[in-house]
Amino acid sequence: KAGVTQTPRYLIKTRGQQVTLSCSPISGHRSVSWYQQTPGQGLQFLFEYFSETQINKGNFPGRFSGRQFSNSRSEMNVSTLELGDSALYLCASSAVTSGDQETQYFGPGTRLLVL
Amino acid sequence: AQSVTQLGSHVSVSEGALVLLRCNYSSSVPPYLFWYVQYPNQGLQLLLKYTSAATLVKGINGFEAEFKKSETSFHLTKPSAHMSDAAEYFCAVSVGGSYIPTFGRGTSLIVHP
Numbered sequence: 001k002a003g004v005t006q007t008p009r010y011l012i013k014t015r016g017q018q019v020t021l022s023c024s025p026i027s028g029h030r031s032v033s034w035y036q037q038t039p040g041q042g043l044q045f046l047f048e049y050f051s052e053t054q055i056n057k058g059n060f061p062g063r064f065s066g067r068q069f070s071n072s073r074s075e076m077n078v079s080t081l082e083l084g085d086s087a088l089y090l091c092a093s094s095a096v097t098s099g100d101q102e103t104q105y106f107g108p109g110t111r112l113l114v115l
Numbered sequence: 116a117q118s119v120t121q122l123g124s125h126v127s128v129s130e131g132a133l134v135l136l137r138c139n140y141s142s143s144v145p146p147y148l149f150w151y152v153q154y155p156n157q158g159l160q161l162l163l164k165y166t167s168a169a170t171l172v173k174g175i176n177g178f179e180a181e182f183k184k185s186e187t188s189f190h191l192t193k194p195s196a197h198m199s200d201a202a203e204y205f206c207a208v209s210v211g212g213s214y215i216p217t218f219g220r221g222t223s224l225i226v227h228p
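If you read the sequences in order, they're chains G and Z.
So in our numbering the end of the first sequence lands on 115, straight run, no missing numbers.
So in our numbering the end of the second sequence lands on 228, straight run, no missing numbers.
These aren't lab readings, by the way, just hints derived from the structure by calculation.
Since the structure is predicted, the reported quantities are computational estimates derived from the model, not experimental observations.
Hints may contain errors.
[Said to hold, decoys possible] 30 Å max Cα-Cα, derived DSBU-like pairs, lysine-lysine: (1) Lys57/G - Lys13/G; (2) Lys173/Z - Lys184/Z; (3) Lys57/G - Lys173/Z; (4) Lys183/Z - Lys13/G; (5) Lys183/Z - Lys173/Z; (6) Lys13/G - Lys173/Z.
[Unchecked claim] Reference excerpt, derived from the structure (chain G facing chain Z, CB under 7 Å, subset only): (7) Pro39; (8) Phe45; (9) Gln54; (10) Asn56; (11) Phe60; (12) Pro61; (13) Leu90; (14) Gln104; (15) Gly107; (16) Gly109; (17) Leu113.
Quick reminder that beta carbons are idealized off the backbone N, C-alpha and C, glycines included.
With the hints as extra help, turn the sequences into a complete structure.
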């Protein structure tokens, strides 16, 4: 069974631009959650989608948004990039919602650098 | 609001020794608690979780954690450390039945031969 796939793996953008990251969950998984990891703020939860609906959201500004498609693939978008958005963005999938899951499976992450 | 404190940014043990990684949480309502591991240059992996069932939770790779409400703790243990356990470990708390985790700063486990 293929694991969680995240594309692209590395990305360089400049301030003010926008970026879209993609996450393909394990086949059959309906929940996708997103996380940001930075040296300064550590690990932070962004949001979770289940069956195309955002069911949980962390404390991030509206510049951070996401969506989930009918095939469970998910995208997250960051508009008007700031230097502080440089981070490793991780996504995870699980068969049921992340509060109930037997386990989550994480992707390798997308490393975003904002110049 | 919930919070998590991981005591010790680095913990060093010898191979074969007991691993004890400390996590204390703050929450006004019953929490869900999680331990995650991040191996060097890899993504996260869920080790185990507590969701108000058994207070002693067994996870993968021989790790377990015990929920102690009176101490507001959820320490992670493993009887015998392996070199392959060297990684960053994160404790997280979520409350209210929703999965909106707050993570600790992480503890780096160093295993000496």
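Index of numbered hints that the structure contradicts, given in increasing order: Per hint list: 4, 6, 7, 9, 11, 12, 17 violated.
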